[in-house]
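With chain C's structure known, arrange chain H on it following the hints.
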Amino acid sequence: MSDYLDRLEAEAIHVLRETAGQFERPALLFSGGKDSICLVHLALKAFSPGKFPFPLVHVDTGHNFPEALAFRDNLAEKLGEKLIVRRVEDTLKRKGIPDAKGKFPSRNALQTHTLLETIEEFEFDACIGGARRDEEKARAKERFFSVRDEFGQWDPKLQRPELWNIYNGKIHKGENVRVFPISNWTELDVWNYILRENIELPSIYFTHERECVVTESGQLMTTNEFVTLDGADVVETRLVRYRTVGDMTCTAAVESRAVNVADIIDELKNATVSERGATRMDDRISEAAMEDRKKGGYF
Amino acid sequence: MELLRFFTAGNVDDGKSTLIGRLLLDSGSISTDIIETLTRQSKTAGENTTIDLALLTDGLRAEREQGITIDVAYKYFSTPNRKFIIADTPGHAQYTRNMFTGASTADLAIILIDARNGVTEQTKRHTIISSVLGIPHILVCINKMDLVAYSQERYEEIKADFEKTTKSLNLNKVSFIPASALSGENVVTASDKLSWHQGPSLLEFLETIPVEAVKMNNAARFQVQYVIRPQTTELHDYRGYAGTLWSGELAAGDEVKVLPGDFVTRITKIEHNLQEVPTAKAGQPVVLQLEDDIDISRGAWIVPLAKTPFVSNQVKATLCWMDNQAFRTGIVKLVLQQGSARIKAAIKEIDYKIDIESFDKLPSDEELRLNELASVKIRLASPLIYDGYDQNRYSGSFILINEYTNQTVAAGVLNNELVLD
Chain C
1 MSDYLDRLEA EAIHVLRETA GQFERPALLF SGGKDSICLV HLALKAFSPG KFPFPLVHVD
61 TGHNFPEALA FRDNLAEKLG EKLIVRRVED TLKRKGIPDA KGKFPSRNAL QTHTLLETIE
121 EFEFDACIGG ARRDEEKARA KERFFSVRDE FGQWDPKLQR PELWNIYNGK IHKGENVRVF
181 PISNWTELDV WNYILRENIE LPSIYFTHER ECVVTESGQL MTTNEFVTLD GADVVETRLV
241 RYRTVGDMTC TAAVESRAVN VADIIDELKN ATVSERGATR MDDRISEAAM EDRKKGGYF
Chain H
1 MELLRFFTAG NVDDGKSTLI GRLLLDSGSI STDIIETLTR QSKTAGENTT IDLALLTDGL
61 RAEREQGITI DVAYKYFSTP NRKFIIADTP GHAQYTRNMF TGASTADLAI ILIDARNGVT
121 EQTKRHTIIS SVLGIPHILV CINKMDLVAY SQERYEEIKA DFEKTTKSLN LNKVSFIPAS
181 ALSGENVVTA SDKLSWHQGP SLLEFLETIP VEAVKMNNAA RFQVQYVIRP QTTELHDYRG
241 YAGTLWSGEL AAGDEVKVLP GDFVTRITKI EHNLQEVPTA KAGQPVVLQL EDDIDISRGA
301 WIVPLAKTPF VSNQVKATLC WMDNQAFRTG IVKLVLQQGS ARIKAAIKEI DYKIDIESFD
361 KLPSDEELRL NELASVKIRL ASPLIYDGYD QNRYSGSFIL INEYTNQTVA AGVLNNELVL
421 D
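These protein sequences, in sequence, are chains C and H. Heads up: the first sequence begins at 1 in this note's numbering, then just goes up one per residue. Heads up: the second sequence begins at 1 in this note's numbering, then just goes up one per residue.
All the given hints hold, so there is nothing to weed out.
Taking lysine-lysine pairs in the BS3-like style, the calculated list, with each CA pair at most 27 Å apart, reads:
(1) H:Lys281 x H:Lys257
(2) H:Lys164 x H:Lys124
(3) H:Lys377 x H:Lys361
(4) H:Lys307 x H:Lys257
(5) H:Lys269 x H:Lys257
(6) C:Lys157 x C:Lys173
(7) C:Lys173 x H:Lys344
(8) C:Lys82 x C:Lys51
(9) H:Lys316 x H:Lys333
(10) H:Lys124 x H:Lys167
(11) H:Lys348 x H:Lys333
(12) H:Lys281 x C:Lys51
(13) H:Lys124 x H:Lys173
(14) C:Lys45 x H:Lys269
(15) H:Lys281 x C:Lys45
(16) H:Lys124 x H:Lys377
(17) C:Lys45 x H:Lys257
(18) H:Lys269 x H:Lys281
(19) C:Lys157 x H:Lys124
(20) H:Lys344 x C:Lys170
(21) C:Lys157 x H:Lys333
(22) H:Lys257 x H:Lys316
(23) H:Lys344 x H:Lys257
(24) H:Lys361 x H:Lys159
(25) H:Lys361 x H:Lys164
(26) C:Lys93 x C:Lys82
(27) H:Lys124 x H:Lys316
(28) H:Lys377 x H:Lys316
(29) C:Lys170 x H:Lys348
(30) C:Lys170 x H:Lys316
(31) H:Lys361 x H:Lys124
(32) C:Lys170 x H:Lys333
(33) H:Lys377 x C:Lys170
(34) C:Lys173 x C:Lys95
(35) H:Lys307 x H:Lys269
(36) H:Lys377 x H:Lys344
(37) C:Lys173 x H:Lys333
(38) H:Lys269 x C:Lys51
Hint data in this document are derived by calculation from the structure and do not stem from the laboratory.
Bound conformation, chain C alone (with noise of 0.2 Å):
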């Protein structure tokens, strides 16, 4: 078996069952995102015809796009797989956290909170997750297996070495795990696997009409409730698509013409920006803003 997609798709499977057969309280983070969207089928394909051994999760800042929140709804429906949401609202409500200010208030890092009061509300001891090694430098050096310690925290120079195809999951009772199936993945190999395997997408991955305001760094940002425009801004209306789907907030679309997936494809061969560059406005703080986000909880 040499080619690449299936070689992939044989480790992302066998780090699922790995997770099923070693923890007693897993749960899938789903976001509606196609990484996400790619472990639920890739999830299909290790417990079939069996049902998922674990919960859908979802983790809703309330300022998740309309189209992932249907999409996600629809799908949990369609395989008829539990689906368990929390709310960032209620976190912050709740613990009288203050809610993220600005002209973009992301909630990016405040959803960390709710991770983790969910994590200890369902005792979940392992959190699957669609984090890529090729996102990011600090995720360049996480395990496919990363333990946690019980405030969610992820110390670099403490993980385990993970050799040929063993993970070792034993923790301490308050540890918890999160485990990375499509580690070896790139922004590529997912869209082919996801031509090749014909993976169904929410609308806002394609091509369409949007109301935009240009940011300075020329981020073009949707015009929504929770954005505050002022008196300089222009809204235009752009042909965009988005190359993630995060947070209203903090994820910006790109100008693209893609209708389906095989144009994202050769949109991408000629792409100069990162995925995250391109599209996250978070990471664009400091050096190592993905590190200390990952050390304080998360993902």
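For chain H alone, kept in the frame of chain C given last:
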């Protein structure tokens, strides 16, 4: 498209991260926004003219501050014909365990030698690890050729020294390439300054060598990871064994043995990719259904009747100790994990240690320290089903877990022998 996984190893200053940075940059795998960030960082780190390529792989803050690679960094790039996964591993001695990790999944090792220094202690350490882990192909890249005036004589001298030094190691294929990662000579394109070198550039080499699987016997080895039992009205009696077929081939109708337990049964159905298939092939994740209703749990092996693995509660192995805390015989409670199987274990004897400089066997001092290689005898609470590592990478490898800390404290490869009392 094929996939080639390789790892790089070298001394702290051999320019390992620079070489990878060069491959990524010159093959067009780095986006402009990342180059901009790097230019900014290179200035902060004190370099003000060119991009510090090492910053591409040194992703953690401590690594950037200390200018060393601490952990394995995985990097990806592709050319029209191949996708590459690089495990960039630390050169510093205290992180050798991470190199063992990066090497365990590699099809190829790139061992970097600084042309000024020649073969060093760490070259030998990295080569012996490649040997222990049975890496199918070793590429020795003699780097920093610019600093020895692109001397062919120096290159030949190092090559001869490497061949002489590693003669006793039983290496698979070895190739040599001269290069200068910093200036990009012979990395992506052939170099005029190294015109005496008859052979491909590094990238041409990586693109064209055959992807060789690690040596495996062709006996079928399937390990159960998870038992699928839908227990629905339609699938009331369904019981499927999910796992990966690591080697060989299995077909519906085959008579097989289930170990442990020595139970003989027949495969009634194979599912792969949500479909029923007549055969399962090496590397495929599949679900097997069996004729008899037997109690089979996670970690059990399903194998052909003709070529069965060893079964014993004692094994001999070569292992690399990976924990900061040294091991003394009899002190720590250990669990051995082989694929999906876990068995309580104890290291009973340290037969000898392996000197990584001379490759000689040294008498044991009853203690295993971080990064030491040793030949050991392990006793298990119940029998292990295994093959020699030289026969099968998956049924022949294991890790040891400390039962108190849950840390992975060692990794090992099993000898191809049945050990009896």
